[in-house]
Amino acid sequence: MALVKKETTIEQRAAGIGAKQREIPFPIVSLILGALSFIGMMVSIWMIFLYAPTDAIQGQPQRILYFHIPMAWLGMLGFAVVTVAGIGYLVKRDERWDWAAQASAELGAFFITLALITGSIWGKTTWGTWWTWDARLTTTLILWFIYIGYLMLRSYMGRTHTSARAGAVFAIIGIIDVPIIYESVNWWRTLHPAAQVGVPGALPPSVVLTLMVSLTTFTLLYSFLMIQLYQLQRMQTLAQRLRASIE
Amino acid sequence: MDRLLLCPVDRKAIYLAKLLGNMLFIGVVEIVALPIFAALFNVPLFAGELLPIVLLGTLGIATIGTLFSAMAASTQARELLLPILVFPLIVPVVIGAVRATGTLMLPSANEPPWLGLIAAFDVIFLSVSTLTFEYVIEE
Chain A
1068 MALVKKETTI EQRAAGIGAK QREIPFPIVS LILGALSFIG MMVSIWMIFL YAPTDAIQGQ
1128 PQRILYFHIP MAWLGMLGFA VVTVAGIGYL VKRDERWDWA AQASAELGAF FITLALITGS
1188 IWGKTTWGTW WTWDARLTTT LILWFIYIGY LMLRSYMGRT HTSARAGAVF AIIGIIDVPI
1248 IYESVNWWRT LHPAAQVGVP GALPPSVVLT LMVSLTTFTL LYSFLMIQLY QLQRMQTLAQ
1308 RLRASIE
Chain B
978 MDRLLLCPVD RKAIYLAKLL GNMLFIGVVE IVALPIFAAL FNVPLFAGEL LPIVLLGTLG
1038 IATIGTLFSA MAASTQAREL LLPILVFPLI VPVVIGAVRA TGTLMLPSAN EPPWLGLIAA
1098 FDVIFLSVST LTFEYVIEE
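Here the protein sequences come in this chain order: A and B.
Position in the first sequence (first residue = 1) + 1067 = my numbering.
Position in the second sequence (first residue = 1) + 977 = my numbering.
Chain B on its own, in the form it takes in the complex (with noise of 0.2 Å):
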């Protein structure tokens, strides 16, 4: 971490590149776990929306996750203090994952707009998070 920040970039740059890595460990993780649930479940993988819940939630979590692993990093508990952190702040992306997708395995009337209420959540803490981790990160 403090050879990045020896990279003269604006801490920005800093934080959505690691937003970028995670998403895309995640995203591996994903690729393997999709298949295997969808076998496993007996449930349409490719079912129209699944491909953008799942995108938007992994934004989400990797959003939160990566500017507390920031602030976790240097503690001695990192691995208990993460998880603790990060769990009470993405229950809307989880509560709106497991909806939107169980809508779409059993589409019901009167739904509140899930899908949305992730992408709102994305936005709002892409944008908070861009823009409060130089804070977290210097020295």
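Just chain A, same shape as in the assembly (with noise of 0.2 Å):
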């Protein structure tokens, strides 16, 4: 993948200076992901459209739900990963931590936005509306808030070890506080199709399978563009150092 060069021109120069730069990790794993989420991406597309059967009572947009659904799985993957990435930092001190914690929050906002976005399409043609109040739509709503104000907050706070610690102490309280918003909103609401994968007989083998193979397409996906993003972070962090360095 040409996204991810073995080892920058700084890095040889700063090596022969002594310095301690590392060669970029992962560029194999990088490879074999990418080269994974394409081939997944393209069975899924076909067996999604092609090899799925239509729903009887929604049509042809229930196949909507098989991007929905990763997408939303991915947002909630994403936040717990920034929180464990998060306290990781807190721990050990190690700025990589923080630089996984950042790329994985600027793709979990991603997925959530996107699977609102489908949800609501879905929303529409199966419910008649673009939106509605019940606990689900709520939670994910806010958490999209959190996603933000982390975001915000990291950009406002720049670059600094005092920002990643804030940030890290935003991701703990959010993780903790989404299951609340969660509950309390449910107590005040409902309307969300209960789960249907879980109950035998519910959905047919096809259905599930599809289901399926979209979820990890869609996690390998993840992956790689976790790793591009945290080689992006990386590659940010060395910039404003060397910047800071110069003047």
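No lab work stands behind these hints, which were simulated from the structure alone.
Careful, some of the hints might be misleading.
Claimed, not checked - Facing chain B, from chain A, some residues (calculated, C-beta under 7 Å):
1) W1113
2) I1213
3) A1233
4) V1236
5) D1244
To be verified - Derived DEER-like restraints, expressed as beta-carbon distance ranges:
6) B:L1083 x A:L1103: 56 to 66 Å
7) B:S1046 x A:I1243: 16 to 26 Å
8) A:A1147 x B:S1046: 25 to 35 Å
9) B:A1054 x A:L1208: 14 to 24 Å
10) A:T1283 x B:L1001: 25 to 35 Å
11) B:V1006 x A:A1102: 56 to 66 Å
12) A:T1121 x B:V1006: 50 to 60 Å
Beta carbons are placed, not taken as given, at the ideal position from N, Cα and C, and that holds for glycine.
Mind assembling these two chains? They're in different frames, but the hints should get you there.
Right under this line is the structure:
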């Protein structure tokens, strides 16, 4: 993958001066994940549009769910990764944990935005409304706000250790709060379709298979993009240090 | 804040002190606002459980607010950032307090334990915030 070079020229020069620069990790892993997610995406697109049966009641729009569910799952996984990376940073004081946290925050925010949009489109076709204030939608919207808040906080506080610590604490508070928010809104309202995958006989096996393939593909895509964004964060930090050393 | 950090005290004490200060601040606003609301909307002011709801709700909002104001204080757009950070996280307190007050005014059957929700929120976030505050303000 041309995106992940073996070693930048700066690192080669710095290695000459004796600085502790490391080679970009994971070039092979990145390549494999990229290839797998590409193949997986091709397979899942075929499965979603051609293999999976058409729903009797919902018709073709039901296929949106094969994209919507993995994206929502990744949005939540992304936030869990942000929190774990944040805790890792607080404990280890190693900025590489923070690079992972920021990478996951950007990715997770992106996927949760897509989940909200695709879910909204599906809702319009099935429920007749773009939005409703039931527990899952409201909590996902709040999770979106928490993501945006995290990105804003990190952006405004700059690329410093204080910023990384503040982000980590915010993520910890956020992840503890999300289940509480979900329960409180659930007590307050109710509407999202009950989870169908676990119930045997509720969905035909081809649907379950398509959903699982789509979920796996998106998770592979997430991992691949995580590596790319982690490298980007690393580059940005190195660039900032270089700029500072020049001034 | 730097002067506070000079004091040889545990950072948790600084957090709790700030929390107390913020709660008193909000409390003063409530002392003024509640009688006005009672008069304007003709609702009974001392209807049983109102005081616990007000106190626990204030504690919940102040807990989150104090922690995040320490985070956002040093940034450029702190007036914009603080509400964006705080409002999504205090949703359980807001929903709980509104519903609890509603149940107080208009008793209904089979209501979930709203006051319990606010109390649980307070306990959880008071402990988490107290423990993580030192990471936010250390240099």
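We went through each hint and held it up to the structure:
1. W1113: With a closest approach of 39 Å, the W1113 of chain A hint is violated.
2. I1213: Holds, about 5 Å.
3. A1233: The hint holds - A1233 of chain A has a Cβ within 7 Å of chain B, the shortest such distance being about 4 Å.
4. V1236: 5 Å, holds
5. D1244: 5 Å, holds
6. B:L1083 x A:L1103: 56 to 66 Å: 58 Å, holds
7. B:S1046 x A:I1243: 16 to 26 Å: With Cβ atoms ~19 Å apart, the hint holds.
8. A:A1147 x B:S1046: 25 to 35 Å: With a Cβ separation near 26 Å, A1147 of chain A and S1046 of chain B satisfy 25 to 35 Å, so the hint holds.
9. B:A1054 x A:L1208: 14 to 24 Å: With a Cβ separation near 22 Å, A1054 of chain B and L1208 of chain A satisfy 14 to 24 Å, so the hint holds.
10. A:T1283 x B:L1001: 25 to 35 Å: 54 Å, violated
11. B:V1006 x A:A1102: 56 to 66 Å: Holds - the Cβ-Cβ distance for V1006 of chain B and A1102 of chain A, about 60 Å, lies within 56 to 66 Å.
12. A:T1121 x B:V1006: 50 to 60 Å: At 58 Å between Cβs, range holds.
Of the numbered hints given earlier, the model fails hints 1 and 10; all others are met.
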